[in-house]
Amino acid sequence: LAKTTQPISMDSYEGQEVNITCSHNNIATNDYITWYQQFPSQGPRFIIQGYKTKVTNEVASLFIPADRKSSTLSLPRVSLSDTAVYYCLVGDPSNDYKLSFGAGTTVTVRA
Amino acid sequence: GAVVSQHPSWVICKSGTSVKIECRSLDFQATTMFWYRQFPKQSLMLMATSNEGSKATYEQGVEKDKFLINHASLTLSTLTVTSAHPEDSSFYICRASGGITEAFFGQGTRLTVV
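Chain order of the listed sequences is L and W. The working numbering numbers the first residue of the first sequence as 16 and each following residue consecutively. The working numbering numbers the first residue of the second sequence as -5 and each following residue consecutively.
The following block holds chain L by itself, in its conformation from the complex:
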């Protein structure tokens, strides 16, 4: 399983853009990059998934460089309700893949 490294914590203010970078140097060819959000006492919630280049949905963007050894989750105009732990995971989804969670990034949004 590919190991991921991301910052332990980040602080931001309402309305700002938050960018969280994750390193995954030993990502395999079939691995996808997926980001999850977790609030206290809740299961992780899917945010976005990508394989290469850029992916955008209604809540976030995911930027993946050509070498795929890192990825950046971008949360535009955060609000207080975006305060949560964000996990970056890599794995091969084509074979009921295991997901191994790293420490995650605690994002705190202040007013």
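Note that these hints are calculated values from the structure, not bench results. Glycine included, C-beta positions come from ideal geometry on N, C-alpha and C. Errors might be hidden in some of the hints.
For lysine-lysine, the following BS3-like pairs were computed, each having C-alpha atoms within a straight-line distance of at most 30 Å [said to hold, decoys possible]:
hint, chain 1, residue 1, chain 2, residue 2
1, W, Lys8, W, Lys58
2, L, Lys84, W, Lys8
3, L, Lys18, W, Lys8
4, L, Lys113, W, Lys58
5, W, Lys35, W, Lys8
6, L, Lys18, L, Lys69
7, W, Lys14, L, Lys113
8, W, Lys8, W, Lys60
Across the chosen pairs, the derived CB separations fall in these ranges [said to hold, decoys possible]:
hint, chain 1, residue 1, chain 2, residue 2, range
9, W, Lys58, L, Asn41, 24 to 32 Å
10, W, Lys8, L, Ser94, 37 to 45 Å
11, W, Ser77, L, Lys69, 49 to 57 Å
12, W, Phe33, L, Thr20, 29 to 37 Å
Could you slot chain W onto chain L? The hints should help.
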């Protein structure tokens, strides 16, 4: 997205008793179920993986006789914590997987053993 329902959301039990947690995939067939445990302010730790109709595969350090996993159908998996003790108090989360690229988790179960 796909819906995974986990029940109960919280449970308190006496030391020495057993507790069963259910995980259901509501709108897809879950060929594989994963069970995680999360202690306060820590990340999720994978406990075991189960494929429908097969015995579960446990991660190193997880007691298979204590954490019984049943995955008898494509929509239901159960985790039974047998002879629970206070150190088993934790947040248990299931994940259902079934031929889709995204992974969906249950809401989690807060177990408190007193």
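Now for the hints, and whether the structure bears them out:
no.: 1; hint: W:Lys8 to W:Lys58; result: holds, 21 Å
no.: 2; hint: L:Lys84 to W:Lys8; result: violated, 47 Å
no.: 3; hint: L:Lys18 to W:Lys8; result: violated, 38 Å
no.: 4; hint: L:Lys113 to W:Lys58; result: holds, 18 Å
no.: 5; hint: W:Lys35 to W:Lys8; result: holds, 24 Å
no.: 6; hint: L:Lys18 to L:Lys69; result: holds, 21 Å
no.: 7; hint: W:Lys14 to L:Lys113; result: holds, 23 Å
no.: 8; hint: W:Lys8 to W:Lys60; result: holds, 16 Å
no.: 9; hint: W:Lys58 to L:Asn41: 24 to 32 Å; result: holds, 30 Å
no.: 10; hint: W:Lys8 to L:Ser94: 37 to 45 Å; result: holds, 42 Å
no.: 11; hint: W:Ser77 to L:Lys69: 49 to 57 Å; result: holds, 51 Å
no.: 12; hint: W:Phe33 to L:Thr20: 29 to 37 Å; result: violated, 21 Å
Hint compliance for this structure: hints 2, 3, 12 are not met, and every other hint is.
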